[in-house]
Amino acid sequence: MATNYKFKKVKAGRDHIADNFHNALSLSDMAQHAHISPYHFLRVFKDTYGETPNEFLIRLRVAHAKKLLITENHSVSEICEHVGYSSLGSFSSLFLKQTGMAPTLYRRKLWALSAEPFCFPAQAIPACYARHFLGK
Amino acid sequence: MITSIAHATIYVLNQDEALDFYKNKLGFEIGDDMKVEGGFRWLTVYPKSNSQLQLVLAEPKEGPMFNKEAAEKIRSLIAEGAFGAGVFETENCQQTYEELVAKGVEFIQPPTEQLYGVEAMGLDNSGNWFSLVQR
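So the sequence lines, in the order shown, correspond to chains A and B.
Numbering-wise (this note's numbering), the first sequence opens with residue 19 and increments by one.
Numbering-wise (this note's numbering), the second sequence opens with residue 218 and increments by one.
Possibly wrong hints are sitting among the right ones.
Stated by the list, open to error - When the alpha-carbon atoms are kept at most 27 Å apart in a straight line, the in silico DSS-like pairs for lysine-lysine are as follows:
no., chain 1, residue 1, chain 2, residue 2
1, B, K278, A, K85
2, A, K29, A, K85
3, B, K252, A, K84
4, A, K29, B, K240
5, B, K320, B, K285
6, A, K154, B, K265
7, A, K26, B, K242
8, A, K64, B, K265
9, A, K154, B, K278
10, A, K85, B, K290
11, A, K26, A, K85
12, B, K265, B, K242
13, A, K84, A, K27
14, B, K320, A, K26
15, B, K320, B, K240
16, B, K265, A, K85
17, B, K252, A, K24
18, B, K285, A, K85
19, B, K290, A, K27
20, B, K285, A, K27
21, A, K154, A, K84
22, A, K154, B, K320
23, B, K320, A, K85
24, A, K29, B, K265
25, B, K240, B, K252
26, A, K29, B, K320
27, A, K26, B, K240
28, A, K29, B, K285
29, B, K285, A, K154
30, A, K127, B, K252
31, A, K84, B, K320
32, B, K252, A, K27
33, A, K115, A, K84
34, A, K85, A, K115
35, B, K290, A, K84
36, B, K265, A, K26
37, A, K24, A, K84
38, B, K265, B, K285
39, B, K265, B, K290
Please keep in mind that the hints were generated in silico from the structure rather than gathered at the bench.
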């Protein structure tokens with residue numbers, strides 16, 4: 019774990035990622051907000067949070083894309099742009115790698131499970147909660 | 218190996234009012250606010266700088282898990298302050314405490330030195346306690 023002083027710096031960089039994940043972000047952008055060198059930022063970030071800044075960025079983007087795919091009727095390329103990717107190809111392959119499904123298949127599967135269009139299907143929230151509150 | 222906690226539940230009396238409190242008073246961000254088929258509202262919030270653990274704001278309602286009597290019992294226990302939302306960390310307990318008091322948040326204990334840091338204890342607008350800790 020980083021010292022308190024270091025932690026504040028790396029947290030500033032992390033906040034910057036969380037606030038701007040839908041924009042293009044480079045490691046040097048992130049490190050600049052933390053006022054540390056990119057290499058050092060990468061190392062301290064990984065030590066502190068257990069994932070690299072880029073892994074964190076991808077996690078936020080994929081989570082947001084999943085939500086948009088289920089609840090909005092935007093095209094996949096619109097969603098790709100919305101979560102900060104300029105290339106549809108790299109977004110699709112990244113999404114596939116993270117979730118095991120292509121974005122269109124993910125949408126089709128989840129929409130098929132919901133009784134109403136653009137309504138979150140119970141299967142999209144953790145099953146323990148669905149079971150607890152909906153009896154599913 | 219379990220690597221992290223993703224969701225923890227806090228029961229609230231009214232999701233709209235709780236959201237207003239956690240968002241506008243405590244400064245949390247909305248994780249998910251989704252209508253789920255079956256009439257359930259999936260509502261999660263998290264402190265701005267860390268979305269890894271999200272608090273699920275849930276209303277105890279009559280349903281598969283609770284019968285009417287149990288749901289009512291839980292609601293009255295919430296209002297009595299039987300449940301807690303847990304410990305929220307802050308960089309400066311005194312400063313955060315003052316900011317929250319200015320916003321009208323009720324505290325049952327002002328910032329106090331403890332072995333593990335400085336801690337204040339407040340109440341959310343349902344009656345759940347939460348702790349503000351500076352380590």
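Mind checking the alpha carbons of K29/A and K320/B for me, to see if they're no more than 27 Å apart?
-> Measuring from Cα to Cα gives roughly 25 Å; hence the hint holds.
Would you mind confirming whether the straight-line C-alpha gap from K290/B to K84/A stays at or under 27 Å?
-> violated, 37 Å
Assess, step by step, whether the Cα of K29/A is no farther than 27 Å from the Cα of K265/B, and give holds or violated.
-> The given pair, whose Cα atoms are some 11 Å apart, holds under the 27 Å limit.
Given the hint that K26/A pairs with K240/B, test it: the Cα-Cα distance must not exceed 27 Å.
-> holds, 23 Å
Are the Cα positions of K320/B and K85/A separated by 27 Å at most?
-> Violated: K320/B and K85/A sit about 32 Å apart, past 27 Å.
Are the Cα atoms of K154/A and K265/B separated by 27 Å or less?
-> violated, 32 Å
Would you mind confirming whether the straight-line C-alpha gap from K320/B to K285/B stays at or under 27 Å?
-> violated, 35 Å
Between K29/A and K285/B, does the CA-CA distance stay at or below 27 Å?
-> violated, 45 Å
Hinted pair K320/B and K240/B, Cα distance within 27 Å | holds, 12 Å
Straight-line alpha-carbon gap K252/B to K84/A, limit 27 Å | holds, 15 Å
With a cut-off of 27 Å on the C-alpha distance, tell me whether K29/A and K240/B pass.
-> Status holds; Cα separation ~20 Å.
Agreement of K265/B and K26/A with the hint, judged by alpha carbon distance not exceeding 27 Å | holds, 14 Å
Consistency note: the structure conflicts with the earlier hints numbered 5, 6, 10, 11, 13, 17, 18, 19, 20, 22, 23, 28, 31, 32, 35, 37, 38, 39.
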